[in-house]
Amino acid sequence: MNGIPVLTLLTVLPVAGAMVALAAGKHARAVALVTTLAGLVLALMVWAQLPADGSIGLVERAAWAPSLGMEYHLGVDGLGALMLVLSAIVTLMSVDAAHHAHRQPNLYFCLVLLLEAGLFGSFTALNFFHWFLFWELSLIPAFFLIKLWGGPKRGPAATQFFVYTMAGSVALLLAFLAVFLSTGSMDFGQLTAMAQSGALEQAVNAHLGPVMMWLALGVLAGFAVKIPIMPFHTWLPAAYSEAPSPVTMLLTGAMSKMGVYGLLRIAVPLFGHQLAQIRTPLLTLAVVTVVMGAWAAAAQTDLKRVFAYSSVNHLGYCVLGIFALAVPATGAAVQASQAAALNGVILQMFNHGITAGALFWFIAMLQERSGGQRGIDDFGGLRKPAPVMAGLMGIVLFSSLGLPGLNGFVGEFLIFRGVFPLSWVAASVSILGLLVTAAVILTVIQKVFSGPVPDRWASFPDMHGGERLAIAPVIGLMLLLGLLPQVVVQNINPTVVNLLAHWRF
Amino acid sequence: MLIQEELAAAFHPSNPCIVSFATRWLWLVPAVPMLASGVIALLKQPRRKPAAALAIGSLGFSLLVSLVAFAHVLSGWMHHEAVRETLSFSWIQVGAAHVELGWVLDPLAAVMMVMVSFVGLLIFIYSVGYMAHDENFTRFFCFLSLFAGAMLGVVIANSLLLLFMCWELVGLTSYLLIGFWYHKPSAAAAAKKAFLTTRVGDIFFLLGMVWLFAQTGTLLFYNYGAGSMEPLALGGLLASPAGLGLSAAGAIGLLIFAGAAGKSGQLPLHVWLPDAMEGPTPVSALIHAATMVAAGVYLIARVYPLMQAGALAGGTTTALTVVTWVGASTALFAALIAVGQNDIKRILAYSTVSQLGYMMAGLGMGGVAVGMFHLITHAFFKALLFMGAGSVIHGCHEEQDVRHMGGLRTAMPVTFVTYAVGMLALSGFPLLFSGFWSKDGILEAAQHWSVAKGPFYMLVFGAILTAFYMTRQVSYVFFGNWRGHGKAHESPAVMTAPLAILAFFAVALGFIGTPAWPWFRAFLNGQAAGLDLARFQEPGLLPLMASSSLAVLVGLGLGWWLYGNKQSRAEEPDVLERAARPVWMGLHGKFFVDELYGATVIAFYAWWARVADWLDRRVWGGAVAGVALLFRGWAHLNRLLDIHWVDGGFDKSCEELASGGGLLARVQNGRVQGYLRLLALGIVILAMILIWSSRG
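Chains as they are written, first to last, in numbering that gives the first Met the number 0: chain W, 0 to 504; chain Y, 0 to 695.
Quick caveat, the hints were computed from the structure, so don't treat them as lab data.
Hints should not be assumed to be uniformly reliable.
Stated by the list, open to error - Computed cross-link-like contacts, DSS-like style, restricted to lysine-lysine with a CA-CA straight-line distance of at most 27 Å: (1) W:K383 <-> Y:K183; (2) Y:K565 <-> Y:K452; (3) W:K446 <-> W:K383; (4) W:K383 <-> Y:K48; (5) W:K152 <-> W:K446; (6) Y:K43 <-> W:K383; (7) Y:K43 <-> Y:K183; (8) W:K446 <-> Y:K183.
Keep in mind it's a predicted model, so treat the numbers as computed, not measured.
If we strip away everything but chain Y, and leave its shape as in the complex, we get (with noise of 0.2 Å):
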């Protein structure tokens, strides 16, 4: 794990005047789409074919651009420069301070942008063929087509604000595709569910921001030695304690964790991306695989020198124990509930919150490299996954219970072939599958981990679920006989296409992280990097690498023992459930956290909201109701005094004006009249007063 000085030096602060053409126009990246999107919502409604080409288009000149963004930063590391450019401007203005936004282009934002770019555009292409008998396919790609502008922002911001500001809209475009078909009404409470939970991690994400912002006055990341993430800025937040012996930098650390634990679906905040599968299937993929759920763990990446402010070498910080615990824990627990699912996007779901777990571990205990270096390989197999699984619900007619299924390998032979890799991908089949190789850098930092040893055993642990239910699902889907209704049919050409482009890349990823030729790795942290076989007789490499394959082989091993073509009809109880049944209901039943948070948190908002009304109606409400008895009382005396007194025709029209009727109103009436003679009172002291400082 580099530390923070040496990644400084690797990074000089170019000269500002030199901005290249790439970081010049790398604002399109984001623009383009999110204007596509802006045109699609004025078309008038439904043009599907120009929606569809909109958004294509705009998405594959993002991509072209990303590329060529992406060629810059290439360019650059092969004559030994890392590239970290930026462009910042303000935004506003307050007091002396600007507040500024910008775009970063370094290795880091290169990469992200072109998978997000690239693994869009194939679904982008994949829903003109799964939505299309939507009657609101038009918005459909309004909305994909926001979002991907959205996230395209969250990852070239290089400010934490504008990364904010990304993040929620990539939030709100999620809320809306969720609840896509608004008409069911699971969907619009998931939808509800996603965003506030979420909005939960924003909340405190938000406090750390403003945090950052007032401490080190600025939110630009970098910024050629005066942004937020340098060493100047980092130096003074790790000189002002917080408390609780954290410094700032932990304390914000912490708080932006948190937010990227909301979006990412880190425990304790994981339950609303399991429901998130309410939403078409291209969306699971798109949004709740492949980008918008990585985004939290991108964030971590992008905030990483804070994160990593004070570790000496080899040491930790807080901060990022904190993420590898969540991390490694959120792994874990999610991997076991997926064994207990039957709905085929639920089991992807929960294997999705684990991976997330397997990347924020990572993070925590190899650095970015070892974190992003999953996140890219996990978003290229779990979106072919998640589109195999939308090919096999389409061919199913919108059967989602793997019960339901089985034996697909012969009526959906595209799909199975894809899915089977996409599958041994997730699993971490050894040597062949990218997912092995990037599972096993983050297996390999938590065994050097110098914390605890827990986590290593945790995921290993977890890399044998993850294959045991993968083998499971496949078994159930593609294995074994036909339990469905009708007759399953292989789905068109525009959706089997991109699943062996991305079945392509699961496998050829890998490629580019082994320990041989660690390529990414090299050009995340600016180093350079060469193929040496040598590499692979390290110590304990070779070892590590035998016992996490043991532990995939177990996995399918078991898996394929357990389910392999033994499910005869779709009403039998599961062969865990008849072995086991509490274990089962506990994994089927999710550990019952929405339970627990329906009894808590939930059941807290409900009440308190009761009782804000009750303090409302009855401690504000009487107290004014109290007040207003006594000045009815005073009215009532100065009304004897009236009657010897004033006209009665003020009486009269004073009556008039409040005449609505109700015991209330008469109530209210004496006030009136008593006010309205308090304020007569007062202008006549005011005129008295003139009258005598006037002769004054």
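Chain W on its own, in the form it takes in the complex (with noise of 0.2 Å):
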């Protein structure tokens, strides 16, 4: 595979076939099928060509405008490429999930691949301004599938979602661009490590006087509203329950992982040091989120709210993990906590991403066999008409339950293992968030699925035989990370290590 352009292939795949598929008429989703699988092919075979030690690999370069600190620089690492893996699997299960006929799906499925373009992009540019680049082009399409093919109030949720999203972006562009004046570089790489010889405070400094913290806060700013962090997420429930249950799963399960990645790749290694002086804060609201997220979600009454605001619970774990390791002390056991919040971070990232996208493609299917219908006190007793679906919908819900043996746990169990040792406190208010989240989805299962049968359900069918088929491999899936997340794991964990080993708090 030497020579091969393998990411840049990826980027452009599904722009290829966002084309055919306007071109495709009636049988673009036949077009989508095919360029997410070949997309997911290729993600493996990225996932498969991983430097053993974690570095960054399948790099590619090309002069862009140099001596504008702009250049074609692409690059995976485990962090990088188990997104990429994320985002293929997600958008395949997107375009499976949207097997009815939609107004205009040859536009429907164009802009479903032209999201997953900006979502590979995103994931391997390793410079900024290539990256921001795509982490506002993703932005269009997803803005245009709420619009359009979007529930009664779409009008103002795709709207607010946009607004809400940009202006975390122009914080966030406004903030590199004073380091991209003060270093002249935007190349992550370089920037990192003149984060952590300390080259980029100075520089900086020099040039624009102490602004570092206004600047960490930008860029934190930017992926607090994309993840989203309490109290930047109010367009998070309106936008995911509009959007068309298909199209959440690519907002929850890939979208959000930009702004965590975000996190990862832009802030933590740029603004690590800063972070850990407004530490506490930052805990607070991770907290917040974790807690509060939970709380909400049991408020709800809409069952694609609920999940909302579940999603919002659980990245809130991930934002804790991420906050919790800045911490500027060093020893071997203050590492040891760092490598297991990390390694659980990123693991949380891709279980979040599959569950989640799971569980709207069975809201999409209850609302599908209703006629619409998603409150929570719609239903009732499904479990006797439509017993797989109460079964494998039930794996799902007790995946984002968090129970052992199957994917959700392990995340959060290596989270909680490494916050606990480095704030005791954070990790013991936000695991209140668990028994939450498992009294939520216990209230789902017993209202939907438990009770009699109110008649109008009575031949409520259940899933047919291709939708059992589609959603097998994403139940083989959590179960093998479940049971065996070393799979996984061998290959980010080299990553975490040599990510650690560039951060400096």
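Both chains come to you apart, so use the hints to assemble them.
See below:
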């Protein structure tokens, strides 16, 4: 494979697919399926070719505008590659889930594929300019997908989503421009090295005065909105619930990871020292996100909003893990905890992606069968007419709950293993989230699947063969990651060690 | 009570290279039932015979392997060698550290493994009869198999993490089986309550586990000197303070105990267990009497070196003191409530809670062997009682209220005889029954406990109550006149045969734990045991046996005096209710703990959820709306500039973008323009900078 620019190919593939889909009319979904399948194969090839030492591999570099700091610089480590695989899986799931004829299927699938390209691009870019381009570009298809195919309140939801994310992006952009002004570089690797040696702070101080903390906050703002961290999440419930469920799968499964990825690729490497200084307020926000996210989910009556808030809660654990490891102290014990937390964060990103994706898939199936209903009290006793659906969705729900043996547990365990010694207060408070999430999820099972069957659902159709076949690999993956997480951790852990070695707090 | 150094000396770490055949294949014990469960799940429903055959066959296989493993440990013990073999492997590597899992074969695991697979097998067979007419028969055996596998996983785990994972799976199957009749809202609610109440304990358990991991760097119990339950790690834990006068060892021990308390229905987390009786009766027998609820006791036995760390000879630790008090309080509290119940299964459920309290107290005061002996004997006689109750319920056409039974000793003779054996064993009838010996061990330890005498008196009072409420129940069910509807009938042999087998063990097991031949204790502790009748003459022992016998006889006598052949009509109020109504109301109302939790914890949960939602909609949402308003003004300002500056086409397209309607849309419409403009501005600035810097 030497010499073949796999990462470029990976990003170009969905763009090409999108063009074909646009022209394919009714067959757009087939085109999208083929393209996303090919994307998954390519992403898995990338995953298989990672350097064993956890450094950045598959590098592609080309001069773009060197004097402007712009460079075409691609590469992935375990983190980036895992996100590529996740994006590919979630997009494939989303295309799979969207099998009912939409208005203008060609445009719909074209936008989905463009969104995938945006994801691939942002997870492989190692130059700020290039990365930011994809970060912003991915917003546009997402906006139109919500705007054109969403529910009754799609207009405000889409606008709020777009504007809010854009506001964060502006702060991010301005902060990064300041960095560029001071250093003349937009290269992540170069800037990380400068941050580690302290040269970055010196350069910024020399050019702009003592504004390093402001820049850190600006960058944080961009990611805080995207992930989201409370209280920057108010766009999310509306966007997740108004978007068609297959699009919600993309939003929560893949796009939310762009924010966490940004924290790990940009905020922590460049501003680790600043994050360590404001660690207590940041940890407070993380704990609030975990606990209040779970509790807000408990108050919802719309299934999509329940799982929207539940997503906030689950991503809160990632944020908790990241902020907790920002401690200047060194020593074997601290490093062991940091490594555990960071491994946990990356696993949690992946696990949440496929679990939340699958959850919204099931909601799509419920809506399809009930004429669009999705209230928590709209169903009841469905286990009787639809036992297979109850069983399979049950597995996914328990994965979300963090049941050992399924994927969700491993990441949460490692995060708590890492966070507890670094901040036992944050760990002890946010562990409440596990309890509340369990209550939320069991309530959903109770209300949707248990109790007597109302007459109107007496012949609720169970999952048919095609649906079972489509969801089976996802559930297989959940079991695999729950039982043998080493298959993923073996590539993540070297990256974690490598990342931690280059970070300064 | 042996202190930890002595125990550690008894079990030499053997050579890691030599692992016996039995240990190498020990993983099959949990794996085969789990696999069977998976296969049953994939069977096309309903496939009754294959499902039952797979479940029973796989558990039978586990029993065989368990017996082989037990024989291996036993033969080592007979050669004066305490066997503790472990096999561990790295599960994941994070940083430089490994998260390890593994299994252990030692007397504790061997005894428990045989008990779980044997009792489990009998209950599986019984279920074939009990569930014969259920439409979800296949799924029942799928869950039951998964349960058996997970429970056996808890038993053989040599890693706190593996134990926790299986522990949660056991909780899952308990949840699924309590809610097995999911169409009943009460069953669904009880299942949820069980899962959440035990999870309250489990989050503390999880914290304790990550703390232990962070401190010792391993979660393996035994690892040839490097495990977390071995002296090196415990020394480190003792040396690091955790605040409130506790060492890390003590604090972690208490956190783990919170998990055990949830699973084993200890105060104040006992509320789920009586509700769990909504599940089918075999489930109550297997999970909520014999095995799963005892897992908490087993957990404490497993981490006993940690609980005991720092104790001097004859002394105790804070953690064990807490275990003792909680156990003794639970024993008494639940026994009191059992007196006031009318549902045949609920009486037994509170009895289970109470007996679990005895086990915990036994662990706290007497050590592993004392608590574990009661666990084992209780598993047999309580499974017997539950299955007997199931037979009664079956025979009385699904009636569960003891007031609507009566005189069943003639209609159901086999059930009656076996039930009577179980009842006498539970009551601790002197000399002949296993419950007497195991309870006596606990009382003896309580009598010698150096910290306080309170638990001893509580447990003796509890013993009187136990005999009393069981006599009350048996009088209601088997004596007096028939007060039910229809005609009661005896159950088929597939149900009564397991009863007879369990009844045999309810008697016979006592003889492996008498003071004259304390085989069980010696086996668990890795010491020699010989028959020596002279041990009965140890000071204080005979008086203790006499007084505990007296307690049992008082309870039995009182119960028979008040209830024997007294009830003639089902509607008659209870004797106690007539005598002292307020007391009866308290007992019957379970001391209103559920109501208390409803008014506090549950109310707080709901209230806080509303607060979170309100914050979201009003405070944070409001702030966003405020900012939006601000930007809207700014956008208007810009628009004035635009009219003279920028082509209107841009604005127009923006308006089309957000033409969804509604006030909010119009508000945000302004924001789109504002931000797009800001972005455009940013790009312009960027371009200017680029031009500027490229010149330089």
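Now the hints, each set against the structure:
1. At most 27 Å may separate the alpha-carbon atoms for a hinted pair to count; K383 (chain W) and K183 (chain Y) meet this at roughly 12 Å.
2. For the suggested pair K565 (chain Y) and K452 (chain Y), the alpha carbons sit about 38 Å apart, so the restraint of at most 27 Å is broken.
3. A C-alpha spacing of about 13 Å is found between K446 (chain W) and K383 (chain W), which places the hinted pair at or below 27 Å, so the restraint holds.
4. With a C-alpha separation of about 22 Å, the suggested pair K383 (chain W) and K48 (chain Y) falls inside the 27 Å cut-off, and the hint holds.
5. The straight-line distance between the Cα atoms of K152 (chain W) and K446 (chain W) is roughly 26 Å, inside the 27 Å bound, and the hint therefore holds.
6. The hinted pair formed by K43 (chain Y) and K383 (chain W) meets the criterion: a straight-line CA distance of about 16 Å does not exceed 27 Å.
7. As the CA atoms of K43 (chain Y) and K183 (chain Y) are separated by approximately 25 Å, the hinted pair is consistent with the 27 Å bound.
8. Taken as a hint, the K446 (chain W) and K183 (chain Y) pair is honoured in the structure, with Cα atoms around 12 Å apart against an allowance of 27 Å.
In terms of the numbered hints stated before, the structure departs from hint 2 and from no other.
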